[in-house]
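Asker: Using the hints, position chain B against chain A.
Each chain, letter by letter, is given below.
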Amino acid sequence: EAGVAQSPRYKIIEKRQSVAFWCNPISGHATLYWYQQILGQGPKLLIQFQNNGVVDDSQLPKDRFSAERLKGVDSTLKIQPAKLEDSAVYLCASSPQGRDFGYTFGSGTRLTVV
Amino acid sequence: AQSVTQPDIHITVSEGASLELRCNYSYGATPYLFWYVQSPGQGLQLLLKYFSGDTLVQGIKGFEAEFKRSQSSFNLRKPSVHWSDAAEYFCAVFPGGGADGLTFGKGTHLIIQP
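Going down the list, the protein sequences come from chains A and B.
First residue of the first sequence? That's 237 in our numbering, and the numbers climb one at a time after it.
First residue of the second sequence? That's 9 in our numbering, and the numbers climb one at a time after it.
Just chain A, with the same shape it has in the complex (with noise of 0.2 Å):
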């Protein structure tokens, strides 16, 4: 089974610049989420979508990041403008329908804003 595909792996930009992020979940993973991990903490969630409906983004800072997920399948994640401490590694999870919780990580995408 291929995982969960996250591109690009890197990314720099200067603040006040915009920057987005691509995910393609397990085939089949109706459930893809978004987290946020700055360095030295946990992640923190940003969004969860089931199918292509939003059904948590209480901690997505809506007055720059967005996220879509079309067709139910792939998500982009979007910053716009950056700030400093957006510099993050930015991380996508699938999981199938259901509460079993059986999250599946991609390795992330790692921000660096300057």
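Be aware that one or more of the hints could be misleading.
Reference listing, derived: stretches of chain A covered by chain B, where coverage requires no fewer than 3 residues with Cβ under 8 Å from a Cβ of chain B [claimed, not checked]:
| no. | segment |
| --- | --- |
| 1 | 258-267 |
| 2 | 273-286 |
Listed below are the simulated DSS-like cross-link pairs for lysine-lysine, each with C-alpha atoms no more than 25 Å apart in a straight line [said to hold, decoys possible]:
| no. | chain 1 | residue 1 | chain 2 | residue 2 |
| --- | --- | --- | --- | --- |
| 3 | B | LYS114 | A | LYS247 |
| 4 | A | LYS319 | B | LYS114 |
| 5 | A | LYS307 | A | LYS319 |
| 6 | A | LYS280 | B | LYS114 |
| 7 | B | LYS57 | A | LYS280 |
| 8 | A | LYS247 | A | LYS314 |
| 9 | B | LYS57 | B | LYS76 |
It should be emphasised that the hints constitute simulated quantities derived from the structure, not laboratory data.
Predicted, not measured: the structure shown is a model, and the values here were computed from it.
We put the beta carbon where it would ideally sit given N, CA and C, even for glycine.
Answerer: Structure of chain B alone, referenced to chain A:
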């Protein structure tokens, strides 16, 4: 406030020695509990999870964890560590509610001495 605490930022253990990583949670009811491991540049991998029942849970790679309600703890153990166990370990909880997002602790960095 609901929280997950991992008191030890770093732990150093000699190869072959036993290991215990601490995790305490603060929730009104018994949450679902998880331990994840993250190797450098990798996503998170689930080691084990506790939902209910037997309070001693067996996981992958020889890890186990014990849920102690009276101490609000879910400590991770391994009888004999290997150099390949060097990684970051995260305790996480699912606090309940409509979404499935996990709340993670800040992690414990495990260093293995030869």
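Asker: Can you give the numbers of the hints that this structure goes against, from lowest to highest?
Answerer: 1 and 5
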